[in-house]
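Protein chains: 2
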Amino acid sequence: LNSGMFVHVRHMLHDMPASDVALILESSPPKTREVLWQLIEHNQAGSILEELGEELKDSFIMNMSPERVAKATAGMDTDDLAYVLRSLPDSIYQQVLQSMSSQDRLRVEHALSYPEDTAGSIMNNDTVTIRPDVTIDVILRYLRSRGSLPEATDTLYVVDRKDAFLGGIALSDLLTCDPNLSVKAVMNLDLEGIPVMMEDTDVAQLFERHDWISAPVISDNGKLLGRITIDDVVDIIREDAEHSMMGMAGMEDDADTFGPVLKSSFRRSMWLIINLFSAFLAASVSNMFEGTIEEFATLAILMTIVPSMGGVAGNQTLALVIRGIALGHIGKSNSRWLIGKELAIGFLNGVFWAAIVFGSVWMWRGDILLASLIAGAMLINMTVAGLSGAVIPIVLKKFNIDPALAGGMLLTTVTDVIGLFSFLGLATLFLMQ
Amino acid sequence: LNSGMFVHVRHMLHDMPASDVALILESSPPKTREVLWQLIEHNQAGSILEELGEELKDSFIMNMSPERVAKATAGMDTDDLAYVLRSLPDSIYQQVLQSMSSQDRLRVEHALSYPEDTAGSIMNNDTVTIRPDVTIDVILRYLRSRGSLPEATDTLYVVDRKDAFLGGIALSDLLTCDPNLSVKAVMNLDLEGIPVMMEDTDVAQLFERHDWISAPVISDNGKLLGRITIDDVVDIIREDAEHSMMGMAGMEDDADTFGPVLKSSFRRSMWLIINLFSAFLAASVSNMFEGTIEEFATLAILMTIVPSMGGVAGNQTLALVIRGIALGHIGKSNSRWLIGKELAIGFLNGVFWAAIVFGSVWMWRGDILLASLIAGAMLINMTVAGLSGAVIPIVLKKFNIDPALAGGMLLTTVTDVIGLFSFLGLATLFLMQ
Numbered sequence: 001l002n003s004g005m006f007v008h009v010r011h012m013l014h015d016m017p018a019s020d021v022a023l024i025l026e027s028s029p030p031k032t033r034e035v036l037w038q039l040i041e042h043n044q045a046g047s048i049l050e051e052l053g054e055e056l057k058d059s060f061i062m063n064m065s066p067e068r069v070a071k072a073t074a075g076m077d078t079d080d081l082a083y084v085l086r087s088l089p090d091s092i093y094q095q096v097l098q099s100m101s102s103q104d105r106l107r108v109e110h111a112l113s114y115p116e117d118t119a120g121s122i123m124n125n126d127t128v129t130i131r132p133d134v135t136i137d138v139i140l141r142y143l144r145s146r147g148s149l150p151e152a153t154d155t156l157y158v159v160d161r162k163d164a165f166l167g168g169i170a171l172s173d174l175l176t177c178d179p180n181l182s183v184k185a186v187m188n189l190d191l192e193g194i195p196v197m198m199e200d201t202d203v204a205q206l207f208e209r210h211d212w213i214s215a216p217v218i219s220d221n222g223k224l225l226g227r228i229t230i231d232d233v234v235d236i237i238r239e240d241a242e243h244s245m246m247g248m249a250g251m252e253d254d255a256d257t258f259g260p261v262l263k264s265s266f267r268r269s270m271w272l273i274i275n276l277f278s279a280f281l282a283a284s285v286s287n288m289f290e291g292t293i294e295e296f297a298t299l300a301i302l303m304t305i306v307p308s309m310g311g312v313a314g315n316q317t318l319a320l321v322i323r324g325i326a327l328g329h330i331g332k333s334n335s336r337w338l339i340g341k342e343l344a345i346g347f348l349n350g351v352f353w354a355a356i357v358f359g360s361v362w363m364w365r366g367d368i369l370l371a372s373l374i375a376g377a378m379l380i381n382m383t384v385a386g387l388s389g390a391v392i393p394i395v396l397k398k399f400n401i402d403p404a405l406a407g408g409m410l411l412t413t414v415t416d417v418i419g420l421f422s423f424l425g426l427a428t429l430f431l432m433q
Numbered sequence: 001l002n003s004g005m006f007v008h009v010r011h012m013l014h015d016m017p018a019s020d021v022a023l024i025l026e027s028s029p030p031k032t033r034e035v036l037w038q039l040i041e042h043n044q045a046g047s048i049l050e051e052l053g054e055e056l057k058d059s060f061i062m063n064m065s066p067e068r069v070a071k072a073t074a075g076m077d078t079d080d081l082a083y084v085l086r087s088l089p090d091s092i093y094q095q096v097l098q099s100m101s102s103q104d105r106l107r108v109e110h111a112l113s114y115p116e117d118t119a120g121s122i123m124n125n126d127t128v129t130i131r132p133d134v135t136i137d138v139i140l141r142y143l144r145s146r147g148s149l150p151e152a153t154d155t156l157y158v159v160d161r162k163d164a165f166l167g168g169i170a171l172s173d174l175l176t177c178d179p180n181l182s183v184k185a186v187m188n189l190d191l192e193g194i195p196v197m198m199e200d201t202d203v204a205q206l207f208e209r210h211d212w213i214s215a216p217v218i219s220d221n222g223k224l225l226g227r228i229t230i231d232d233v234v235d236i237i238r239e240d241a242e243h244s245m246m247g248m249a250g251m252e253d254d255a256d257t258f259g260p261v262l263k264s265s266f267r268r269s270m271w272l273i274i275n276l277f278s279a280f281l282a283a284s285v286s287n288m289f290e291g292t293i294e295e296f297a298t299l300a301i302l303m304t305i306v307p308s309m310g311g312v313a314g315n316q317t318l319a320l321v322i323r324g325i326a327l328g329h330i331g332k333s334n335s336r337w338l339i340g341k342e343l344a345i346g347f348l349n350g351v352f353w354a355a356i357v358f359g360s361v362w363m364w365r366g367d368i369l370l371a372s373l374i375a376g377a378m379l380i381n382m383t384v385a386g387l388s389g390a391v392i393p394i395v396l397k398k399f400n401i402d403p404a405l406a407g408g409m410l411l412t413t414v415t416d417v418i419g420l421f422s423f424l425g426l427a428t429l430f431l432m433q
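Top line first, the protein sequences correspond to chains A and B. Numbering of the first sequence is given in the numbering used here, commencing with residue 1 and proceeding in unit increments. Numbering of the second sequence is given in the numbering used here, commencing with residue 1 and proceeding in unit increments.
Calculated directly from the structure, the hints in this document are not laboratory data. Any given hint could be a false lead.
It does not matter which identical chain is used: a pair holds within one copy or between any two.
Claimed, not checked - Here are the simulated SDA-like pairs of lysine to any residue, each with C-alpha atoms no more than 25 angstroms apart in a straight line: (1) 263 / 406; (2) 31 / 263; (3) 184 / 148; (4) 398 / 179; (5) 184 / 38; (6) 332 / 13; (7) 162 / 359; (8) 184 / 172; (9) 184 / 26; (10) 397 / 295; (11) 397 / 250; (12) 184 / 173; (13) 184 / 149; (14) 162 / 222; (15) 332 / 6; (16) 184 / 150; (17) 397 / 343.
Given the sequences, and given the hints that come with them, work out the whole structure.
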């Protein structure tokens with residue numbers, strides 16, 4: 001970008017929808033990002049921030065003055081605003097709150113009073129409520145005088161004088177029903193209210209299962225508190241799924257693809273240090289059999305095959321079970337059955353691959369005893385892999401540890417250690433007499 | 001389940017929403033599933049099928065008579081119906097089509113004419129269209145006489161006499177605007193039509209970026225063909241994300257958590273056979289250095305550490321790049337920058353972990369030359385891992401090969417081979433003189 005282009009780019013950015021500007025920022029290297037961010041108009045900044053990934057959003061906000069943050073966030077939805085504030089350091093956070101209009105402050109303090117990852121934290125308070133005892137015609141006239149509805153409004157909620165949630169009327173029903181009927185006669189009583197403390201992943205599952213576009217959020221005593229809209233749910237679904245995928249590879253799910261080198265390499269080191277321990281643990285297993293390896297170098301050449309196959313088979317089971325947990329398919333009643341099934345698959349896999357590896361090694365090294373040893377180790381390790389691929393995530397989940405993050409490393413450690421131990425152990429038993 | 005319970009369970013299933021019945025079926029072992037499926041009323045079967053995962057849905061449909069399939073699917077949305085039919089074997093497929101009412105057949109044949117994974121294949125044709133030259137009041141009266149609107153309708157589409165797409169009016173605007181205005185005056189002209197051949201993942205990205213609830217689908221010459229709704233888009237987002245996660249672990253994304261043992265173990269074998277080749281390739285690298293290993297058994301004990309660290313580091317980069325590709329963040333303009341960045345991180349990681357492993361091995365084995373050799377190999381392999389973690393998915397994508405499925409195995413092969421080769425190669429150079 002040369003300096004003559006700046007004006008042109010500024011105009012271009014100004015004319016683009018916020019989501020497209022966000023996409024450009026996400027896809028640019030750090031330096032380009034900073035230049036582009038400088039060119040963005042103050043009143044556009046808020047809606048662009050809303051669309052950015054977590055890591056990038058945080059890094060921009062850290063470098064803004066509290067006043068500018070307050071200004072940029074003035075038009076945001078309550079839930080998004082609360083989300084941004086949560087990620088700020090305490091000192092800046094207080095300053096931003098102070099710089100806000102008192103109405104915005106009240107709104108956001110209310111949202112912040114709910115714990116992160118609950119229905120309350122992703123809820124908006126822009127619900128349009130109506131009373132049960134008026135006619136549809138009155139509602140239609142009220143809406144016309146109101147002039148516009150909040151985004152993603154598909155249902156008006158019916159509450160009594162004390163804000164207790166009674167039901168809802170879909171906009172499409174308002175348009176198609178007889179205007180002389182009362183709200184009470186038309187409203188949908190089956191509409192479920194979401195408890196404000198429900199976990200956001202459970203909320204997402206409800207939305208998916210019922211094809212909702214928005215849903216009311218209610219307090220313990222049945223009062224309407226706000227609503228959750230499908231766009232926030234889509235973000236949760238995307239984040240959860242990414243979390244599983246990135247977690248299994250040992251990455252945080254908000255990692256920024258185009259973030260700076262040093263920061264990125266620091267963030268990845270946690271996983272590598274755990275893996276180093278795991279690798280040294282495996283090495284110390286081999287070390288127990290140093291004498292055997294010294295005598296039979298062929299063992300060293302073949303000893304990586306069994307752990308490798310166990311790792312892949314175990315990871316297949318792990319991925320399946322982690323997805324099952326995330327989708328809510330796995331609970332107390334069926335986890336024992338599932339573990340049994342995966343154990344059976346592991347054993348079957350073990351028999352099959354033991355036969356294949358027996359044939360391959362016999363052909364390659366022409367040693368039937370060696371081929372039998374590796375086949376035996378394969379059978380043991382594949383069975384263990386199937387079992388632990390199912391048991392590890394289920395047990396981790398029971399202790400409230402995230403299986404996507406901790407499961408892969410634990411599993412690989414198990415299959416490496418058991419794989420090496422069974423192969424070298426069998427070899428020591430049968431070769432060293 | 002004893003036989004006295006059957007009637008009770010049948011009633012329970014009948015009273016439940018289809019999505020909850022589907023969840024129960026998904027979470028049950030094969031035998032329980034069959035029994036439950038027998039208890040489900042014929043007229044409920046269609047809506048339950050719609051909610052099931054691919055593998056399970058197929059297995060139920062395979063066992064139904066064509067007439068029952070036709071009956072069960074009579075009430076389905078066009079796109080879901082087309083989806084079900086696509087997965088049937090040709091013979092059953094023709095029979096099901098024959099058993100359908102001619103209207104349903106026409107509808108579904110039209111949907112089937114679009115290739116899978118395009119906007120056309122997920123489109124419904126239940127759009128409500130209006131003309132531009134009438135007043136809002138006429139529309140309101142038309143809707144009231146119509147009586148109800150299709151699910152997830154948030155916008156009516158405006159078309160001319162030849163079905164050319166002109167724009168849309170949101171239901172909320174219909175409710176709040178002056179009824180004396182004409183459709184032309186109120187309608188939103190900025191509404192984008194989705195080209196019917198657009199890839200479904202691109203459609204999902206548009207929905208996410210613009211927070212759409214439904215969007216019109218148009219033909220090449222601008223005619224309105226139908227609409228896509230957010231519920232189908234949510235399924236695509238979920239499937240794509242699962243595909244990346246399951247693919248990286250070598251599983252198909254429609255694998256059924258509670259499917260039968262033999263089928264499951266067969267479906268996983270593809271990945272294991274590729275891994276066996278990869279493991280033998282790594283073994284044959286070690287085999288090249290048999291002489292060196294025979295002389296120094298310590299090498300065998302340490303030789304798994306370098307490939308293991310390279311594998312983890314490479315997989316971190318791979319996961320990041322695969323997610324970036326899926327989100328549309330990575331294109332021609334920035335892929336070179338990204339590869340450079342990951343190479344730099346790989347090198348930095350290499351220097352850091354070389355130092356750590358140097359210290360650890362020196363302490364453990366007390367051999368400074370051995371420690372230097374493994375450190376050198378670590379530096380080489382971590383740099384290669386960073387580079388290939390970025391290059392492999394980008395190149396695969398260029399050749400239209402799915403990076404989530406093929407990337408992980410290719411990467412592990414590279415890091416295993418380079419890891420062993422560099423460590424044992426350096427050892428042969430410096431130890432065998």
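Going through the hints against the structure:
1. 263 / 406: Answer is within: at 22 angstroms inside a copy they meet the 25 angstroms cutoff, but 29 angstroms across does not.
2. 31 / 263: within (15 angstroms within a copy, 52 angstroms between copies)
3. 184 / 148: both (23 angstroms within a copy, 18 angstroms between copies)
4. 398 / 179: neither (53 angstroms within a copy, 58 angstroms between copies)
5. 184 / 38: neither (53 angstroms within a copy, 40 angstroms between copies)
6. 332 / 13: Intra 52 angstroms, inter 21 angstroms, cutoff 25 angstroms: inter-copy only.
7. 162 / 359: Neither. Shortest intra-copy (77 angstroms) and inter-copy (69 angstroms) distances fail the 25 angstroms Cα cut-off.
8. 184 / 172: So residue 184 and residue 172 pass the 25 angstroms test inside a copy (16 angstroms) and across (21 angstroms) alike.
9. 184 / 26: neither (48 angstroms within a copy, 38 angstroms between copies)
10. 397 / 295: Neither, since 44 angstroms and 47 angstroms both go past 25 angstroms.
11. 397 / 250: Answer is both: 17 angstroms inside a copy and 23 angstroms across each meet the 25 angstroms cutoff.
12. 184 / 173: Cα proximity of residue 184 and residue 173: in one copy and across copies (13 angstroms, 24 angstroms).
13. 184 / 149: both (21 angstroms within a copy, 20 angstroms between copies)
14. 162 / 222: within (10 angstroms within a copy, 51 angstroms between copies)
15. 332 / 6: Between copies only: 23 angstroms across, 60 angstroms inside.
16. 184 / 150: both (23 angstroms within a copy, 23 angstroms between copies)
17. 397 / 343: within (19 angstroms within a copy, 36 angstroms between copies)
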